[in-house]
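Number of protein chains: 2
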Amino acid sequence: MSRKSIDGNRFSPFTQWNRALSIRSSNRSSGTAGSSTSSHLHGSGSSSSRRGFSLSSLRGTIQPELSKRLYRLIKSENNLVSAHETAAKERVSIATQLSEWGEQTGDEAISDVSDKVGVVLSEIGEQEDNYAHALDESRATLKTIRNTEKSVQPSRDGKNRIADEIAKLKAKEPESTKLVVLEQELVRAEAENLVAEAQLTNITRQKLKEAYQAEFMATIERADKQIILARHGLRLLQLLDDTPVVPGDTRAGYPHASQARQILNDAEDDLRDWRLPENLLEDESKYVSTASSPVQSQGQSPLSNVTNVGNTRAPVPEQMTAPAIGT
Amino acid sequence: MSRKSIDGNRFSPFTQWNRALSIRSSNRSSGTAGSSTSSHLHGSGSSSSRRGFSLSSLRGTIQPELSKRLYRLIKSENNLVSAHETAAKERVSIATQLSEWGEQTGDEAISDVSDKVGVVLSEIGEQEDNYAHALDESRATLKTIRNTEKSVQPSRDGKNRIADEIAKLKAKEPESTKLVVLEQELVRAEAENLVAEAQLTNITRQKLKEAYQAEFMATIERADKQIILARHGLRLLQLLDDTPVVPGDTRAGYPHASQARQILNDAEDDLRDWRLPENLLEDESKYVSTASSPVQSQGQSPLSNVTNVGNTRAPVPEQMTAPAIGT
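So the sequences go chain by chain: A and B. Just so we're aligned: the first sequence equals residues 15 to 341 in the numbering used here. Just so we're aligned: the second sequence equals residues 15 to 341 in the numbering used here.
Okay, chain A solo, but in the shape it has when bound:
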């Protein structure tokens, strides 16, 4: 059922993952011990952490086996996008309501501060909405992987069907002349599948990296900008004098109107000057930690021992790097 990686068996020592640092098949919230033993039994599909997905849509069931999981993940990403969109909308609505409530109090200080805080909250909502859009784009990238998975399935099925046919025929009619034709067909199917599998691994690694790099960078952008806004929001709230008055006392005037305007200007300036930090995509893979035991010199192909040095690799045919199927 599950695809074997080409060199999956050569590096079996590496399959001993540290399960404490994995979320796979272990329900973190209930913290059941011993669940680590079932980490390779995901085929049973009864993991409690996958609550409800079999019910979420019937369409998932007509997906080829290979793309089923990603199909569901992409659906969940859609729910995530919607949730952040809703949060953005509610945030902007709250901002307006807060400002209008503040005006209605008739208290000059509350009126001004609530209005300016509303502006800040509204911009926090805009950033939340931008984040939702970035997540949606990353979701589209994941679809490229899913589509490739989907298109590779018939190639695998075809190859296996011919191999099965040959095995059956060999058992029944070992001398059949049809065997020669089938063996030729199998060689063709295997060649075609070899290309398909290379496309799959290339697309999968590229697009997985691309999709989650985009999500993490969007997370950093939203976070940085909302920190800017929240800090200026806190400055605005400091302008509201909340020392209690006794009945009959009048509050002193509100002398901070221009200061409040300045804080909004500062927030606007800071947002405009913001840039994504530059060192985010430093090459981690160069620094292989000494604790690991890299197995690199066993490669059979001239390419396999330069896997980790990036740009010095031999060129690869164009059609291997771009998705050959419709995305």
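Simulated from the structure, these hints should not be mistaken for laboratory data. Quick caveat: nothing in here was measured; it's all calculated off a predicted structure. You can take every hint at face value.
Here are a few chain A residues that face chain B, going by a calculated C-beta distance under 8 Å:
hint : residue
1    : Arg83
2    : Arg86
3    : Leu94
4    : Thr100
5    : Ile124
6    : Val133
7    : Thr215
8    : Asn216
9    : Gln220
10   : Leu222
11   : Ile234
12   : Arg245
13   : Val260
Label pairs and their in silico Cβ distance ranges:
hint : chain 1 : residue 1 : chain 2 : residue 2 : range
14   : A       : Gln198    : B       : Gly262    : 14 to 24 Å
15   : B       : Ala205    : A       : His147    : 49 to 59 Å
16   : A       : Glu292    : B       : Lys157    : 39 to 49 Å
Beta carbons: idealized from backbone N, C-alpha and C, even for Gly.
Since the structure of chain A is provided, determine the placement of chain B on it from the hints.
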């Protein structure tokens, strides 16, 4: 209908807000010019930015006029909390699905990286959930204001009713002996209302500040922690070699397992060491900008000219600082 602030008329020059820096009554997305003229007509309630609220619940309509707006705002805050809770749940679900999809690919590198990235995404989801809880607490603080508004309404109504009665009686029977009794009643009602209004302004300012300080600080906490996680997530993705292979070529091994574990350890350490920045609540109000014209010396009470110097204020009776009504 709307409450007059005690000193609202003294500082009328300050009512000229910079409308470009306000979200009040102006629909920012459609950007209609000239909407600033309607900024004091909020009583008409037809602002397009308040889409749908009149339909969201009938319960809002039985709230006293004074607490209606805040009642609706608190409902919107509830929707906001739910949206972030949903986002958190979907994020954690996606994390598990990504890890399980990665395992199913049979590709050691994808399997390890997707599992570890899943751990990071899951923690991003946890932070989103913590944020939702913080927003919910801030929402509870706003309820204190709403409850005070609700309890002050009868006091205002009572005072006004007696004043109306006196006016009517004076017009009809100027010599009525009942007038003396009513005047006495009015004095009592005014005294009671004076206390209620002082409670309202004290609670409103304190709790408004408290509620949004809490929201902004929670925003900073979520942002800082998600930045930590996203940065380490990007490091993990850098471990995935996405240089394309040609058909038939085998990928070199995956030598980064212990490095990936180390990245998760780093993330855990960074999260544990995180502290809220200390300078968030610096006293802004001390630095009155030179462009503003602070009107401070006109105060009639000995307290009004020390409004902005914080701790040096005269003590205020205990019952004025704490909410005297049930919260």
